[in-house]
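**Q** For the sequence shown, the numbering used here assigns the number 1 to the initial residue and increments by one for each residue that follows.
Hints are computed from structural coordinates only; laboratory data are not their basis.
It is possible that some hints are incorrect.
[Claimed, not checked] What follows is a set of in silico ranges between Cβ atoms, one per label pair, in the way DEER data are often shown:
| hint | residue 1 | residue 2 | range |
| --- | --- | --- | --- |
| 1 | K181 | K15 | 14 to 24 Å |
| 2 | D73 | K111 | 41 to 51 Å |
| 3 | T25 | G75 | 39 to 49 Å |
| 4 | E24 | S106 | 19 to 29 Å |
| 5 | T25 | L146 | 22 to 32 Å |
All residues carry an ideal CB built from backbone N, CA and C; glycine is no exception.
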Amino acid sequence: MCDRMLRMDRAAVEKSLNYVFTDETWLKQALTHPSSDQKRSTNLNYERLEFLGDAVLELVVSRELFARYPKADEGLLTKMRSAIVSRAHLAELCGRLGWGEQMQMSPQLEKTGGRTALSILANTFESVIGAVMMDSNYNAARKVSLHLMQESLDRAEKLISVNYKGDLLEALQAINGQGPKYIIELVDEGKPAGPFRARVLWNELELGEAVGQSKHKAEMAAAAVALEKKLYNAQ
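Kindly produce the complete structure, drawing on both the sequences and the hints.
**A** This is how it looks when you write it as structure tokens:
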């Protein structure tokens, strides 16, 4: 298995997690797509870890929202949790972390956009959390989950109202499996804190451009422009 994991940059992944694996095998398994697991009976791919990570994330996010919003009823808590652990949102986080580029997958899947596919990115995010759980314990997995999802939890109420990036990702994935790419640049080089200009690219096509006070706001605004223009429908 080690010979097939040349793509993985363990240090980079562990830095993004703020966690160091005791047994690297768990991380390798979490970043192995079933398409590259030649002996499926060995389960040396992310499917089982994905199952575990999904459960861990549900519990971690539920507990955190319960503590943060003491006056929220069950319906609101459910909506916020659903937005945070949605496939589109987990895929967005995974893409931002660069884990798609760390995946081991078949050449055929890679050629057809496997590294940016929504389902694969979401599964990968869950599987990495599952790997941390197996490498250590629930408390470690909880700590890592909160580290990765801090911004999402802070914005939980906003996430249930609108998620332009998630909506755009789903729309584009439905066409050819390819996700969008965002290019960020400063509007004024003399002001490193922003504002920022974001351009969203897909399939060699620029779908939209917008300016925001933060990188995230700029990307969200650019995605909103792309959804309004719907230039991708002509592809």
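**Q** State, for the Cβ atoms of E24 and S106, whether the hinted interval 19 to 29 Å holds or is violated.
**A** holds (22 Å)
**Q** So does K181 sit 14 to 24 Å from K15, Cβ to Cβ?
**A** holds (22 Å)
**Q** Is it true that the C-beta distance of D73 to K111 lies inside 41 to 51 Å, as the hint says?
**A** holds (48 Å)
**Q** T25 and L146, beta-carbon distance inside 22 to 32 Å?
**A** This hint holds: roughly 25 Å between Cβ atoms.
**Q** With respect to the beta-carbon atoms only, verify the hint that T25 and G75 lie 39 to 49 Å apart.
**A** holds (42 Å)
Of the hints listed earlier, there is not a single one the structure fails to meet.
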